[in-house]
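**Q** Protein chains in written order, with my numbering: chain A, 439 to 752; chain B, 439 to 752.
For the record, the hints were derived by calculation from the structure and aren't laboratory data. Treat the hints with care, since some could be wrong.
Which copy? The list can't say, so a pair holds if one copy fits it or any two copies do.
What the hints assert, rightly or not - Capping the alpha-carbon separation at 25 angstroms, the derived lysine to any residue pairs in SDA-like fashion look like this: (1) K517 x D587; (2) K717 x G617; (3) K490 x E519; (4) K569 x I470; (5) K535 x D502; (6) K454 x S654; (7) K566 x E475; (8) K569 x G497; (9) K637 x G450; (10) K728 x E610; (11) K728 x I655.
Protein chains: 2
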Amino acid sequence: MANYVFGIDVGGTSVKCGLFQTDGTLLEKWEIPTRTENGGSEILPDIAKSVKAKMAEKGIAADDVAGVGIDVPGPVNDKGELSIAVNLNWGYKNIVKELSDELGGMAVKAANDANAAALGEMWAGGGKGSKNLVMVTLGTGVGGGIIVDGKIVAGAHGAGGEVGHACVEPEEEAVCNCGNHGCLEQMTSATGIVRLAKKYLASHDTPSSLRERGESISAKAVFDALKEGDAAAEAIVQEFSEYLGRALAVFACVVDPEVIVVGGGVSKAGQILIDGVAKYYREAAFIACKDTPIVLASLGNDAGIYGAAKMLID
Amino acid sequence: MANYVFGIDVGGTSVKCGLFQTDGTLLEKWEIPTRTENGGSEILPDIAKSVKAKMAEKGIAADDVAGVGIDVPGPVNDKGELSIAVNLNWGYKNIVKELSDELGGMAVKAANDANAAALGEMWAGGGKGSKNLVMVTLGTGVGGGIIVDGKIVAGAHGAGGEVGHACVEPEEEAVCNCGNHGCLEQMTSATGIVRLAKKYLASHDTPSSLRERGESISAKAVFDALKEGDAAAEAIVQEFSEYLGRALAVFACVVDPEVIVVGGGVSKAGQILIDGVAKYYREAAFIACKDTPIVLASLGNDAGIYGAAKMLID
Numbered sequence: 439m440a441n442y443v444f445g446i447d448v449g450g451t452s453v454k455c456g457l458f459q460t461d462g463t464l465l466e467k468w469e470i471p472t473r474t475e476n477g478g479s480e481i482l483p484d485i486a487k488s489v490k491a492k493m494a495e496k497g498i499a500a501d502d503v504a505g506v507g508i509d510v511p512g513p514v515n516d517k518g519e520l521s522i523a524v525n526l527n528w529g530y531k532n533i534v535k536e537l538s539d540e541l542g543g544m545a546v547k548a549a550n551d552a553n554a555a556a557l558g559e560m561w562a563g564g565g566k567g568s569k570n571l572v573m574v575t576l577g578t579g580v581g582g583g584i585i586v587d588g589k590i591v592a593g594a595h596g597a598g599g600e601v602g603h604a605c606v607e608p609e610e611e612a613v614c615n616c617g618n619h620g621c622l623e624q625m626t627s628a629t630g631i632v633r634l635a636k637k638y639l640a641s642h643d644t645p646s647s648l649r650e651r652g653e654s655i656s657a658k659a660v661f662d663a664l665k666e667g668d669a670a671a672e673a674i675v676q677e678f679s680e681y682l683g684r685a686l687a688v689f690a691c692v693v694d695p696e697v698i699v700v701g702g703g704v705s706k707a708g709q710i711l712i713d714g715v716a717k718y719y720r721e722a723a724f725i726a727c728k729d730t731p732i733v734l735a736s737l738g739n740d741a742g743i744y745g746a747a748k749m750l751i752d
Numbered sequence: 439m440a441n442y443v444f445g446i447d448v449g450g451t452s453v454k455c456g457l458f459q460t461d462g463t464l465l466e467k468w469e470i471p472t473r474t475e476n477g478g479s480e481i482l483p484d485i486a487k488s489v490k491a492k493m494a495e496k497g498i499a500a501d502d503v504a505g506v507g508i509d510v511p512g513p514v515n516d517k518g519e520l521s522i523a524v525n526l527n528w529g530y531k532n533i534v535k536e537l538s539d540e541l542g543g544m545a546v547k548a549a550n551d552a553n554a555a556a557l558g559e560m561w562a563g564g565g566k567g568s569k570n571l572v573m574v575t576l577g578t579g580v581g582g583g584i585i586v587d588g589k590i591v592a593g594a595h596g597a598g599g600e601v602g603h604a605c606v607e608p609e610e611e612a613v614c615n616c617g618n619h620g621c622l623e624q625m626t627s628a629t630g631i632v633r634l635a636k637k638y639l640a641s642h643d644t645p646s647s648l649r650e651r652g653e654s655i656s657a658k659a660v661f662d663a664l665k666e667g668d669a670a671a672e673a674i675v676q677e678f679s680e681y682l683g684r685a686l687a688v689f690a691c692v693v694d695p696e697v698i699v700v701g702g703g704v705s706k707a708g709q710i711l712i713d714g715v716a717k718y719y720r721e722a723a724f725i726a727c728k729d730t731p732i733v734l735a736s737l738g739n740d741a742g743i744y745g746a747a748k749m750l751i752d
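Pulled out of the complex, with its shape left as it was, chain A reads as follows (with noise of 0.2 angstroms):
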C-alpha cells in the first residue's frame, strides 16, 4: 500500500501541485507556471518534471506513490480524455496516457476541475464523511461537480456536473456565454447576481446603498448591502436564492445526494447565502430530500488539489 499521491490542478496561468499523504493529510502544496505556448505542449512535461523532482527531493520511491491525479479547465469523460481545454491552448488530448508515459508508467487519472472540487470537498471539505454530493461552484461562472458512490461522474460527454449550463428560465432572453438562454449560470454566478441587481436597480424605485456603485457594482456589494439590512439588495438576494434553490431541488430529485456544498467566490458571502438558499430549497425539494443539509465548500483554492488525488484512492 502507497503511502503518497500528488494531486495536480491545472489553470491558465499556473498549476497547483500537492503532495498528499494517502490517508488524506496535505504534507506541501506549491505552484508552477502554466506554459500556454506551442500548443500547451509544455504542460505535462513540465508537470511530470516537478513531480519527479518533488519525489527526489523527499526521497519517495516510485512505488511508495498511489499516482497522480490531474484536473483540468475542460470536458473529460470518465477514461480521462479531454475535448478542448481553450485556456491551455489544448484541443483533444489523452490526458491520462500522455501524464502516465511523462512519468514512467506511474497510476494516473484526470478529471475536470469543478468535478474534481465536488471530490476534494467530500474527501477532506464541507462534505467530509459523504460519499453521494452535489457540488455547486459560484464563481464568475457557475460549475458543478456530482459525486456517486464516492466517485465523479463524468458523463458521456464530459459534461457531468455541468449543472450551470441548466435552464432555470425558459423565457429569459439574454444569451448565456453557452449559447442557450436562461441558464443558472445567467442568474447565480457572480456576474449573473450583478445582472440580477442592475436589473432590479433599474425597475425599482427602493432606495439603496447600491446605486451610489453604479457600474462597479458586485455580488460581494450585493450580500455586504445585504447584510447592512439593505431592501434592495433583500430583493435581489431572493431572486438569487429562489433560482438556485429550486434548482438544487431539481438535481436532488436526480441524485438524491447526501449533502449540497455551495462554493466557489459568491459563497463567500456566508452563513446569510445559504439561509436564503435553503429556504427555497425545501419548498421546492421532492419530500424525501427536504432535510439533506446544503454546506459551505471549506477547501477554497486547494479543493482541486484534494480532488484529483483522492480519484487514485478507494
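Could you slot chain B onto chain A? The hints should help.
**A** The following block gives chain B in isolation, referenced to the frame of chain A:
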C-alpha cells in the same frame, strides 16, 4: 461462475418472476399473487418458495445461481433497505437480509421498481449497450431511474431518479400527490396530460375531436388525435413536450447520460412523442449533450425483472 439469476418485480397485486441466464437471456417468467394481508408478511416467504420450487423443477443447484434481485414500489437505499411501500403494507424493511435468510443465505439485492426498470432497459432494452442512462417512466405518475457506470443511483434517501417530482412550474397552483406544486408528474403523466388537455380545451375555441369525449378524455386520445392532425392535440402535446424536453435537458446537465429512455404507458404513443420531446430537449440542452439520443423503452412490463436480475451481475 454461476449460470443463472432470478429477477423479481413486486407489484401491489402480483409478483413477476424471471429466471435468466447470466448472459441476459430470459428463460422463463411467471407470476404469483402479492399477499398484502398481515402487513405483507407472506410476500418474501412466497417469493423464496417460488424461487426454490423453480430451482427444484429445473434441477438448478444453489451454487449455480448468482443470486436474486428484487424490486419493490417504494424508496430503497443502496444497502437494500426500504423505508415504506404503501401498496405492499410494508413499513421499514431490510429486504436484502430478510429474503436472503429465506433463501438460505443466497445473494440478494434490492431496488426501487422504477430504478430497476432503468437498469433493465440498459441491460436488454432501449438503452442496450450503454452504461450511463436516464430513464423516465410516464404512467399514472412519473417515475424514473438513473444509471451511472452500469449501476443504479439509489440516492441517500432512496430517492435517486425521482425525476417526476422535479419542479418544472413554480407558479403552478394545483397540488401534486407529493404535496409540492408544479412537479413534472403534474404535466407529463397520463393524468397530467389529461389535465393539460382539459385546461387547453376550456381556454381555447379550437375545434377538436377531443371535445366530444368530455370527461372521458385520456392521454392516448390526445396522441391519437395528434396523429389525425387535430390542432388542439398539437398544442397540448407541444406543452407536454416543452415540459418534458426541458426537464430532460436539466437532468442531462447533472449526469450527462449516453442515452435517455422514455417508457411507461404514455410512451406507447411511439416515435411521435419522442420527436416532440427531442425538439425541446435539443433547444435547452447544454451544447455537449445536444445530440444525446432519446429513445423508447422496449421491455414494457418486463423491464423490472430484467433490471432486478442485472443487479447481481457485474
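**Q** Compare the structure with each hint and give your call.
**A** Against the structure, the hints:
1. Both within a single protomer and between protomers do K517 and D587 lie at most 25 angstroms apart by alpha-carbon distance, with minima of 18 angstroms and 12 angstroms respectively.
2. With identical chains, the CA atoms of K717 and G617 are at most 25 angstroms apart between copies only, with a shortest distance of 16 angstroms across copies and 30 angstroms within one.
3. Within a single copy, K490 and E519 get their C-alpha atoms as close as 23 angstroms, which meets the 25 angstroms cut-off; across copies the closest is 47 angstroms, which misses it.
4. With identical chains, the CA atoms of K569 and I470 are never at most 25 angstroms apart, being 31 angstroms at best within one copy and 38 angstroms at best between copies.
5. Taking CA atoms no more than 25 angstroms apart as the test, K535 paired with D502 passes inside one copy only; the shortest distance there is 20 angstroms, against 40 angstroms between copies.
6. Taking the shortest Cα distances, K454 and S654 never come within 25 angstroms of each other, neither inside one copy (31 angstroms) nor across copies (65 angstroms).
7. Within a single copy, K566 and E475 get their C-alpha atoms no closer than 38 angstroms, and across copies no closer than 44 angstroms, so neither meets the 25 angstroms cut-off.
8. Taking the shortest alpha-carbon separations for K569 and G497, neither the intra-copy value of 33 angstroms nor the inter-copy value of 42 angstroms comes in at or below 25 angstroms.
9. For the identical chains of this complex, K637 and G450 are neighbours neither inside a copy (32 angstroms) nor across copies (53 angstroms), given an alpha-carbon limit of 25 angstroms.
10. In this assembly of identical chains, K728 and E610 lie within 25 angstroms of each other by CA distance solely across copies; the values are 19 angstroms between and 28 angstroms within a copy.
11. For a Cα distance limit of 25 angstroms, the shortest separation of K728 from I655 qualifies neither inside one copy, at 34 angstroms, nor across copies, at 35 angstroms.
Of the numbered hints stated above, those contradicted by the structure are hints 4, 6, 7, 8, 9, 11, listed in ascending order.
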